[in-house]
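Peer 1: Kindly produce the complete structure, drawing on both the sequences and the hints.
There are 2 protein chains.
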Amino acid sequence: MTEAAVPAPVTKVLDAAGTWLPGSMAQVERRLARAAAEPGGPIAEDATATLAAGGKRLRPLLVLLCAGPAAADSAVSAATAVELVHMATLVHDDVLDHAPLRRGRPTVLATSGRPRATATGDLLFSRAFAELAGDGDRVRVNLLTKASVALARGELAQRRDAFDLGVTEESYLERCRLKTAALFECACTIGDGRPTLASFGRRVGLAFQLLDDVLDVAGPPERTGKARGTDLLDGTVTLPLIRARDVDPTLDDLDLRALDAAGADAVCERIVATGAAEEVRAIARGHVEAAKAELDAVDFDPERRRLLDLVADGVVERYA
Amino acid sequence: MTEAAVPAPVTKVLDAAGTWLPGSMAQVERRLARAAAEPGGPIAEDATATLAAGGKRLRPLLVLLCAGPAAADSAVSAATAVELVHMATLVHDDVLDHAPLRRGRPTVLATSGRPRATATGDLLFSRAFAELAGDGDRVRVNLLTKASVALARGELAQRRDAFDLGVTEESYLERCRLKTAALFECACTIGDGRPTLASFGRRVGLAFQLLDDVLDVAGPPERTGKARGTDLLDGTVTLPLIRARDVDPTLDDLDLRALDAAGADAVCERIVATGAAEEVRAIARGHVEAAKAELDAVDFDPERRRLLDLVADGVVERYA
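Each protein sequence line maps, in turn, to chains A and B.
In this text, residue positions in the first sequence follow my numbering: the first is -4, and each later residue adds one.
In this text, residue positions in the second sequence follow my numbering: the first is -4, and each later residue adds one.
It is possible that some hints are incorrect.
Because identical chains cannot be distinguished in the list, a pair is counted as satisfied if it fits within a single copy or across any two copies.
Derived SDA-like pairs: lysine to any residue, alpha-carbon spacing no greater than 20 Å straight-line [stated by the list, open to error]: (1) Lys141 x Ala39; (2) Lys141 x Pro37; (3) Lys287 x Glu298; (4) Lys287 x Ser194; (5) Lys141 x Glu40; (6) Lys141 x Ala28; (7) Lys141 x Pro34.
Calculated from the structure, these hints are not laboratory results.
Peer 2: In structure tokens:
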């Protein structure tokens, strides 16, 4: 349930839409920096550092792609708003998780303590909705509110299910929908301006999360930049483990609270040995294919269609 | 640095502007309830409970008064937004303070735990800015952002200064400006639509905080609904103690960390005995008088002027 670096799919899509997308993404980046820095003071500094720490910017990319090259400035503000909500959530999650590191860098919690990290998240939330406010469009505000609430509910579900080996596949998938897919869905609908791309966004987001969870179990550390099994160490039970238990019942005796790094790595090995990682990868690929197939029904120009295919494929490729 | 109940000044102003203000305040109340409940689920329930727990609604009252009876629906949304930011901040402060009670009721933290309380505050922040979004007015959004950041900085200052007997009067006043006066200022300027009432709002907010701090030291529990000295027990050094130390140097030996409820009550007695509480009360009254005098320079109809005088006086009276 953590994200890896390497924005390879983003690079590919940026290349493919070189005439307009890199420029718009650069605008989003400037807007993000301004949103964080403008209020001034130490909290704004922390917010700026958080944004500068990077991320794949997949969500704003989706907003811009769904809005298309002719989109107005409002697409840039929507893309900025979606990323700000994402970052705000990460900062508050780190506070709740007592997390010292994210993407290999110290978290705001680690550098500035709980009160400032809480305030930094608050600022990023405020700025997200402030970005949308300039346009006076209540529909977009409501979409982002809905997604924010889903993110929070997903985070709560993850906590509720922590260290619980008995988590069902259904409950895991619902958690993914709330924690990840909802904001991807929001990115697509808020960009396109119609609900048409909701299911596309949801499926791509779900695939993204599934592959992220596979990556945590099966990804080589030299590519993911982190040790395997960090989800296990956090007590987060994901689909590879849920599926693996069907094949290897000795995994039922696992005591997640007793795991150390070496133990987590060994459990990852056992999960991969059952074929569960490959199975979940296939499920994710299935969602990507279904997402792309759903675009057939949408009245898009071929160029936009091609770019959305590319970003959907990119979610799989970042893993391959 | 805590607030007492009893909205007597509000009642008085509502009576005086009976033809329009009670109706607008009722609209704000409905809008608050909708903002909290609309997203649905447990977080929305917590947000709803937080709002239902009450409060004086002084900030939205100021917004409406400064906007005047002819104000459009945008005054109601601004009033709602200001109160939502206030409530969001309280919820997150309670999380950081591990506070079990507020206004005599269990906090969201107490009823629902840290993750849900964090999410509830996030939701209230989001909803505050979402309220402003319908109008597409960036100026109001920026005013509210500025005030939110000030609140957060004030909270950080309070933490930095906690249990520090050596806090200067200057540093205390700056903390009050950030933690309280900034949102009062925002309420007035966002309502009036011009910066004209900034200083009026700031002074009324400062007086409000000063009197609140006097109340904590000198207020009879049967009127404030809480024991004296809760600020002392939280390690919050306020002006009555700062001033009292000038008169009674034995207060320099105080160990705030070692205080219990009986000890805090005894310290309050010693502070009152120095005359410091009365002194701070007079400073607050001075700010109220200065605030009212500043209205002389504002081009207002007499009726609005009268109501603003009344609300400024109310801040003092709630104490008398």
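Peer 1: The structure should be examined with respect to each hint, and the outcome stated for every one.
Peer 2: Right, here's what the structure says about each hint:
Taking the closest pair of Cα atoms, Lys141 and Ala39 come within 20 Å of each other only across two copies (11 Å); inside a single copy the shortest separation is 26 Å, beyond that limit. In the homo-oligomer, the alpha carbons of Lys141 and Pro37 lie at most 20 Å apart only across protomers (14 Å), although the nearest pairing inside one protomer, at 30 Å, exceeds that limit. Taking the shortest Cα distances, Lys287 and Glu298 sit within 20 Å of each other inside one copy (14 Å), while across copies they are farther apart (64 Å). Within a single copy, Lys287 and Ser194 get their C-alpha atoms as close as 10 Å, which meets the 20 Å cut-off; across copies the closest is 58 Å, which misses it.
When the C-alpha separation of Lys141 and Glu40 is checked against a cutoff of 20 Å, the pair qualifies only between copies, where the shortest distance is 15 Å, while the shortest distance within a copy is 28 Å. For the identical chains of this complex, Lys141 and Ala28 are inter-copy neighbours only, at 17 Å across copies versus 25 Å inside a copy, given an alpha-carbon limit of 20 Å. Proximity of Lys141 and Pro34 under a CA criterion of 20 Å is satisfied inter-copy only: 6 Å between copies versus 26 Å inside one chain copy.
Every hint from the earlier list agrees with this structure, and none is contradicted.
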